[in-house]
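This is what each chain is made of:
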Amino acid sequence: AQSVSQHNHHVILSEAASLELGCNYSYGGTVNLFWYVQYPGQHLQLLLKYFSGDPLVKGIKGFEAEFIKSKFSFNLRKPSVQWSDTAEYFCAVNAQGNNRLAFGKGNQVVVIP
Amino acid sequence: GAGVSQSPSNKVTEKGKDVELRCDPISGHTALYWYRQRLGQGLEFLIYFQGNSAPDKSGLPSDRFSAERTGESVSTLTIQRTQQEDSAVYLCASSPLRPLGTDTQYFGPGTRLTVL
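Same order as they appear, the protein sequences are chains A and B. In terms of this note's numbering, the first sequence is numbered consecutively and its last residue is 160. In terms of this note's numbering, the second sequence is numbered consecutively and its last residue is 1088.
The following block holds chain A by itself, in its conformation from the complex:
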């Protein structure tokens, strides 16, 4: 079974700072990778996903993530955060051909104006 690790559960930073959230997974086969975000009071929603092609994927609101197969990683980045990026971010993975997702524990990100 897949497992997903996210570090630094609580992140506090100022507006305009850069953000990088780490995500590592354990699974030896081909995977699909996702980042979901939950803004305060809202549903969990997709930020971006990777399943093939260019390992650098761009999502909504200026976020991007890079798949590094050799490191089993799919780190999320944003060069300059805004107060509205305050949210909880979850990394998730599934094995190709299997829709059940394995989620990490999430990163609670607070952006101070």
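FYI, nobody ran anything at the bench for these hints, they're computed from the structure. Even glycine gets a Cβ: it sits at the ideal position worked out from N, Cα and C. Be aware that one or more of the hints could be misleading.
Below 27 Å or equal to it, Euclidean Cα-Cα: the simulated DSS-like pairs (lysine-lysine) are [stated by the list, open to error]: (1) K983(B) - K152(A); (2) K125(A) - K105(A); (3) K108(A) - K96(A); (4) K96(A) - K152(A); (5) K116(A) - K152(A); (6) K105(A) - K983(B); (7) K983(B) - K96(A); (8) K125(A) - K108(A); (9) K105(A) - K116(A).
If you only want the chain A side, here are some residues facing chain B, beta carbon under 7 Å, derived [said to hold, decoys possible]: (10) N141; (11) N146; (12) R147.
Beta-carbon label-pair distances, calculated as ranges [unchecked claim]: (13) A63(A) - P1068(B): 36 to 44 Å; (14) N982(B) - I115(A): 38 to 46 Å; (15) S1030(B) - Q92(A): 38 to 46 Å; (16) R1053(B) - E113(A): 23 to 31 Å; (17) Q155(A) - L1088(B): 22 to 30 Å; (18) P980(B) - K118(A): 29 to 37 Å; (19) T1048(B) - G144(A): 38 to 46 Å; (20) S65(A) - K1029(B): 41 to 49 Å.
Dock chain B against chain A, hints included.
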């Protein structure tokens, strides 16, 4: 509605009682998923319905948990003889079921279950 809906939004029950949670997926979505999120934890897969195929029940934590789905519509998750460790947010998601697991899953608002 346009999104996944769940009811009730909050449920408080006494230990030992049965509870039933409901999920209305997005119309036309073939796949439906149930997850559980305990405090401070990530989402934990429970069960997955894929069209008319047999559901993937491999994530159900015990035989007190069961779920049903009528065709490609409503699903209910039932927890019998609830225990305090069942307290969590139960999330439902649906997806159109694209090949190779590349689906985006669309999540509902969740049901917060508290077992006293």
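Discussion item. Next item in the hint list is N141(A). Is there a CB on chain B closer than 7 Å to its CB?
Written reply: 5 Å, holds
Item to complete: For the pair we were handed, K983(B) and K96(A), check the Cα-Cα distance against 27 Å.
Response: 33 Å, violated
Worksheet item: Is it true that the CA of K116(A) sits at most 27 Å from the CA of K152(A)?
Response: Holds. K116(A) to K152(A) sits at ~21 Å (cutoff 27 Å).
Practice prompt. Note whether the CB distance of A63(A) and P1068(B) lies within 36 to 44 Å or breaks it.
Written response: Because 38 Å falls inside the window, the suggested range holds.
Worksheet item: Is K125(A) close enough to K108(A), meaning Cα to Cα at most 27 Å?
Response: 9 Å, holds
Worksheet item: When you check the alpha-carbon spacing of K125(A) and K105(A), does it fall within 27 Å?
Response: Holds, at about 10 Å.
Practice prompt. Compare the distance between the alpha carbons of K108(A) and K96(A) with 27 Å, and conclude whether the hinted pair is satisfied.
Written response: 14 Å, holds
Discussion item. Quick check on a hinted range of 23 to 31 Å for R1053(B) and E113(A), using CB atoms only.
Written reply: Since the Cβ atoms of R1053(B) and E113(A) sit about 46 Å apart, the hinted range of 23 to 31 Å is violated.
Discussion item. Checking one constraint from the list: CA of K105(A) to CA of K983(B), max 27 Å. Satisfied?
Written reply: 38 Å, violated
Worksheet item: Taking the CB of S65(A) and the CB of K1029(B), does the distance hold inside 41 to 49 Å?
Response: Since S65(A) and K1029(B) have Cβ atoms about 43 Å apart, the given range 41 to 49 Å holds.
Worksheet entry | L1088(B) and Q155(A) - C-beta distance against the hinted 22 to 30 Å | 27 Å, holds
Worksheet item: Under the criterion that the straight-line Cα-Cα distance not exceed 27 Å, is the pair K96(A), K152(A) satisfied?
Response: With a Cα-Cα distance of about 18 Å, the restraint between K96(A) and K152(A) holds, given a limit of 27 Å.
Checked against the numbered hints listed earlier, the structure breaks hints 6, 7, 15, 16, 18 and 19; every other hint is satisfied.
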